[in-house]
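Peer 1: Read off the chains here:
2 protein chains.
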Amino acid sequence: MTSSDLQEQLNLKAITLLQEDADKIEKLIEVQMENLATRYCPLYEEVLDTQMYGFSKEVDFAVRVGLVSELTGKLVLSKLERNLAVLYEALNNKAKQ
Amino acid sequence: MTSSDLQEQLNLKAITLLQEDADKIEKLIEVQMENLATRYCPLYEEVLDTQMYGFSKEVDFAVRVGLVSELTGKLVLSKLERNLAVLYEALNNKAKQ
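First to last, the sequence lines map onto chains A and B.
Using this note's numbering, the letters of the first sequence map in sequence onto residues 8 to 104.
Using this note's numbering, the letters of the second sequence map in sequence onto residues 8 to 104.
Read the hints as simulated data drawn from the structure, not as lab findings.
No residue lacks a Cβ here, since even glycine has one placed at the ideal position from N, Cα and C.
Hints may be right or wrong, so weigh each one.
Unchecked claim - Looking from chain A toward chain B, a few residues come up when the C-beta cut is under 8 Å (computed): (1) Met8; (2) Leu17; (3) Thr57; (4) Gly61; (5) Lys64; (6) Arg71; (7) Val72; (8) Gly73.
As the list claims (entries may be wrong) - Mimicking BS3-like on lysine-lysine, the simulated pairs with C-alpha atoms at most 30 Å apart in a straight line are: (9) A/Lys31 <-> B/Lys81; (10) B/Lys101 <-> B/Lys86; (11) B/Lys20 <-> A/Lys81; (12) B/Lys20 <-> B/Lys86; (13) B/Lys31 <-> A/Lys31; (14) B/Lys81 <-> A/Lys34; (15) B/Lys20 <-> A/Lys20; (16) A/Lys20 <-> B/Lys81.
The following block holds chain A by itself, in its conformation from the complex:
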């Protein structure tokens, strides 16, 4: 294996792992969106914030070590942040009702 093959392989592994972790948080957001009307759990926000923080540290590390570009890191994070913002807006609207 050449060094560029290895670099490619590691980059792919890094983004695959990050995407898996992003998907898990995505699932948590979806579940909370679905349960908005019925079984709202107030701890969910705290859990999501903690998960997001941990995930952002993973992404940062992947960028710092050079396996993921800064742009890719930002895109992965901002997609999740947008979905989280949608959830929080829905929660806010519900609280106002």
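Could you slot chain B onto chain A? The hints should help.
Peer 2: Just chain B now, kept in the frame of chain A:
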């Protein structure tokens, strides 16, 4: 550069970054230990717990992506956890006084 040179270089970069982050948390612990008697800030524990959580996610990622061995990851984390335990014990003893 051969692929094993690259692997070595990335492994070294990963452990260097982790060690830097561990040192930052170590510093936070030291500062709190020094200030135990004078300027105790109750938020410090929460900050430290959050930092430790984020750091453990970094270490996990480095292990999963294959840049750091599981043993090294565990050693880096457990050293910090021991120091944190010493701090918490000192805080506990102080609270009992």
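Peer 1: Hint by hint, note whether the structure agrees.
Peer 2: A quick look at each hint next to the structure:
At about 5 Å, the closest approach between the beta carbon of A/Met8 and any beta carbon in chain B falls short of 8 Å, and the interface hint on this residue holds. A cut of 8 Å between beta carbons decides the hint on A/Leu17: the least distance to chain B is about 7 Å, and the hint holds. For A/Thr57, the suggested interface contact is upheld, since its CB lies about 7 Å from the closest CB of chain B, less than 8 Å. Interface restraint check: A/Gly61 against chain B, minimum CB-CB distance 4 Å, threshold 8 Å, status holds.
Against a cut-off of 8 Å between C-beta atoms, the interface hint on A/Lys64 holds, since the closest Cβ of chain B lies about 4 Å away. Of the supplied interface hints, the one on A/Arg71 holds, with its beta-carbon coming within about 5 Å of a beta-carbon of chain B, less than 8 Å. Given hint, A/Val72 at the interface with chain B, holds; its Cβ is 5 Å from that chain's nearest Cβ, closer than 8 Å. Checking A/Gly73 against chain B: minimum C-beta separation of about 7 Å stays under 8 Å; hint holds.
Distance check on the hinted pair: A/Lys31 and B/Lys81 sit about 24 Å apart at the alpha-carbon level, within 30 Å; holds. For the proposed pair B/Lys101 and B/Lys86, the alpha carbon gap of about 23 Å is at most 30 Å, so the pair holds. Distance hint between B/Lys20 and A/Lys81 is fulfilled; the C-alpha atoms sit about 21 Å from each other, no more than 30 Å. Straight-line distance between C-alpha atoms of B/Lys20 and B/Lys86 comes to about 20 Å, which keeps the hinted pair within the 30 Å bound.
Distance check on the hinted pair: B/Lys31 and A/Lys31 sit about 29 Å apart at the alpha-carbon level, within 30 Å; holds. Restraint check for B/Lys81 and A/Lys34: the C-alpha separation of about 29 Å stays at or below 30 Å, so the hint holds. A threshold of 30 Å between alpha carbons decides the hint, and for B/Lys20 with A/Lys20 the separation of about 17 Å falls inside it, so the pair holds. Of the supplied pair hints, the one linking A/Lys20 and B/Lys81 holds, its CA atoms being roughly 21 Å apart against a limit of 30 Å.
In the structure shown, no violation is registered for any of the earlier numbered hints.
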